[in-house]
Each structure stands twice: as structure tokens, then as C-alpha cells.
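Numbering (the working numbering), first residue to last: 3 to 214.
Just to be clear, a hint being listed does not mean it is correct.
[What the hints assert, rightly or not] Here are the simulated distance ranges between beta carbons: (1) VAL61 to PRO153: 40 to 46 Å; (2) ASP152 to ASP55: 34 to 40 Å; (3) GLU126 to ASN94: 26 to 32 Å; (4) LEU176 to PRO153: 21 to 27 Å; (5) GLU186 to VAL93: 47 to 53 Å; (6) SER41 to GLU186: 21 to 27 Å; (7) GLU85 to ASP178: 22 to 28 Å; (8) ASN104 to PRO183: 23 to 29 Å; (9) THR116 to ARG63: 19 to 25 Å.
Treat the hints as calculated values from the structure; they're not laboratory data. Note that this is a predicted model, so its numbers are computed, not measured. Cβ coordinates follow ideal geometry from the N, Cα and C atoms, glycine included.
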Amino acid sequence: MTGVGAGPIFAPPRALSRESSTTIGNVRARNANMSVESSPEFSRIIRADQLADRDTEIVFRCEPAERRRLADRFSLLDLERLEARVWARRVNGTSVVRVRVNFVADVLQSCVITLDSVAAHIDEWFELEYVPGADVDGSREVVFDPEENDPPELMQGGSFDIGEAISEHLALSLDDYPRKPGTEFTIYTKRADEREPTDSPFAILRDGPAKN
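Start from the sequences, fold in the hints, and give me the full structure.
This is how it looks when you write it as C-alpha cells:
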């Protein structure tokens with residue numbers, strides 16, 4: 003089944019706790035200006051109880067207003083495009099959900115040297131596993147193997163926000179130091195046999211005043 007942001011497997015957007023993310027801790031710096039409880043800029047919530055044991059394919063397209071909010075969140079000059087294709091299924095009839103995601107984005111960032119705009123195209127894949135979270139009263143806990151590379155994400159109320167997961171992986175895919183093509187840092191390195199002028203303040207501090 004294929005959908006574009008609509009259909010019975012989707013639940014209404016909700017405020018999502020940033021603490022629900024367990025595997026992408028290094029995105030926190032990019033989210034420093036956001037409150038702990040807030041509505042994600044790009045929210046696409048999937049209901050686990052409506053998924054089958056075979057892959058359900060869903061296509062998401064980020065709307066202009068959502069792209070503007072994400073650009074502001076990640077300090078981009080512009081987010082011109084963000085689209086994703088998601089394959090989601092329940093694992094062997096259990097309440098565990100496994101998703102594979104391919105997303106593409108076109109972004110404009112500011113060059114760290116000249117501040118000119120730098121365009122980048124992103125095409126990335128990632129996989130996540132979701133398990134039921136604790137009940138509202140906290141009476142049920144989820145136990146996972148600490149030896150696993152990536153612990154599972156916790157669902158909230160039997161659903162999960164794949165839009166926020168896509169946003170976080172977009173942040174991980176951004177160049178931290180975008181540079182305009184052809185622009186390079188210029189670093190001056192003093193030669194080993196090069197000495198400072200004898201009347202320079204640094205030479206005087208090092209060698210003391212000149213003696214007549």
C-alpha cells in the first residue's frame with residue numbers, strides 16, 4: 003500500500019518529547035533552542051496497530067511551511083526539497099515495528115569562509131526499530147540488549163513519528179563546515195630559519211632589550 007501523508011495508518015500530529023529519541027544524541031546541539039515539549043516541524047505519525055507483517059510503503063513530501071521551519075531549526079539558508087520513501091512492517095506479528103527510509107533533500111547552507119550560499123543534494127538511507135514504550139502509569143518497561151549497536155526507539159501510545167526521525171537524520175547528513183567550491187583556508191606557517199625583526203615587540207620580550 004502506498005500513501006502520501008494520509009490514510010488509516012496515520013494518527014494526528016502530537017507534541018513529541020525530545021527525550022523519546024534514544025539513538026541520535028549528537029543532534030541535541032542543533033536542537034538547543036527548542037523546548038523539551040514542542041510540536042515537530044515535520045511530523046508524520048504512523049500507527050503500529052495498522053501495519054501488516056509485510057512492508058507498507060509510504061511516500062512523504064515536506065510542505066513549504068514545514069521546510070521553512072526545518073531550515074530555521076537547522077540554520078539553513080533554505081530547504082528547497084525534502085521527500086522520503088518509507089517501508090514499515092510489524093516483525094512476525096509482534097508489536098515491534100521495523101522501518102527502512104530513503105530520503106532526499108536539497109539544501110542551501112552558508113559558506114563558513116565567505117558566507118555565500120552553498121547548495122548540497124542529500125540522498126540517504128537509514129533503518130530504525132520501534133518497540134512499545136512504558137504505559138502511561140510507567141508500569142511496563144522495555145528491556146533491550148545493551149550489546150546491540152542501535153537500541154530501539156520507543157513508541158508513544160502505540161505510534162511513532164517518522165517525520166521527526168527523518169528530520170534528525172537530515173541534521174546528521176548536513177555538512178558542519180560547508181565551503182563554496184574553490185574556497186580554501188589560508189594558513190601562514192613560519193619557516194624554521196625565519197626570525198622576527200629585532201625591533202619587534204615579540205623579539206624584545208623573548209631576547210630582552212638590545213645592548214649597545
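Q: Identify every previously stated hint that the structure contradicts and give their numbers, smallest first.
A: 1, 2, 6 and 9
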